[in-house]
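Visitor: The residues making up each chain are set out below.
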Amino acid sequence: GAVVSQHPSRVICKSGTSVKIECRSLDFQATTMFWYRQFPKQSLMLMATSNEGSKATYEQGVEKDKFLINHASLTLSTLTVTSAHPEDSSFYICSAVEGPLGYQETQYFGPGTRLLVL
Amino acid sequence: AQSVTQLGSHVSVSEGALVLLRCNYSSSVPPYLFWYVQYPNQGLQLLLKYTTGATLVKGINGFEAEFKKSETSFHLTKPSAHMSDAAEYFCAVSDGSDYKLSFGAGTTVTVRA
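Residue numbers (this note's numbering), protein chains in the order written: chain A, 588 to 705; chain H, 1374 to 1486.
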């Protein structure tokens, strides 16, 4: 089956620093990737849609200047949390869609990245 | 716009008993429906999905779900619970055009020995 990886799995950083999270589709090409945020014991909230070679589309209420998304290749998308603050601490999960739009409907999820900002 | 309501934030079952997780959706277009499972500190794993065709969908680990348009429901069942089924379960819906998923709040399943 399709595999999506994330790196790092866990990161602790100081307030004010930036953190980059990578999302990779290991055995398929993903023209579209998604970034979600999950608070403890809550559901996933979509943050943005990442399209290879174009700017990401952010959901309402998500600060695009704070959560920078780059989808430089068909197998890699990155999320950079800039000037992180304790309220940014969360579980960040990416997902990827295999194949071109309209062909596959299934999102494959990465294992998630636990971010703790001190 | 689509939305999902999962009835019951926590379900406790005995090992070997029926597992029933309820999901109702709202969608202005024919929906694509999904069930995902999440184990602690892990991402989501697809259990099963409905897009078109047969309304009874079989998934992995013995789970199945039935799409009932008249009831706007997509309930998940498993005839006999196993200890390894203890996890968080999410129902999700999309309209199939842009792959955006709207998730329910999730249901935590605990299995009693």
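Hints should not be assumed to be uniformly reliable.
Anything over 10 Å on all C-beta distances counts as not near chain H; from chain A, calculated [to be verified]:
no.: 1; residue: T619
no.: 2; residue: S682
no.: 3; residue: P698
Going by beta-carbon spacing under 10 Å, a handful of chain A positions derived as facing chain H [said to hold, decoys possible]:
no.: 4; residue: Q593
no.: 5; residue: H594
no.: 6; residue: K651
no.: 7; residue: V704
Result set (PhoX-like, lysine-lysine): computed pairs, CA atoms no more than 20 Å apart in a straight line [claimed, not checked]:
no.: 8; chain 1: A; residue 1: K651; chain 2: H; residue 2: K1473
no.: 9; chain 1: A; residue 1: K642; chain 2: H; residue 2: K1473
no.: 10; chain 1: H; residue 1: K1441; chain 2: H; residue 2: K1422
no.: 11; chain 1: A; residue 1: K601; chain 2: A; residue 2: K628
no.: 12; chain 1: H; residue 1: K1431; chain 2: H; residue 2: K1441
Since the hints were made in silico from the structure, they are not lab data. Note that CB positions come from ideal geometry on N, CA and C, so glycine has one too.
Visitor: Determine for every hint whether it applies to the structure shown.
Guide: So, going through the hints one by one against the coordinates:
no. : hint              : verdict
1   : T619              : violated (6 Å)
2   : S682              : violated (8 Å)
3   : P698              : violated (4 Å)
4   : Q593              : holds (8 Å)
5   : H594              : violated (13 Å)
6   : K651              : violated (17 Å)
7   : V704              : violated (18 Å)
8   : A:K651 x H:K1473  : holds (18 Å)
9   : A:K642 x H:K1473  : holds (17 Å)
10  : H:K1441 x H:K1422 : holds (13 Å)
11  : A:K601 x A:K628   : violated (24 Å)
12  : H:K1431 x H:K1441 : holds (15 Å)
Comparing the model with each numbered hint stated earlier shows that hints 1, 2, 3, 5, 6, 7 and 11 do not hold.
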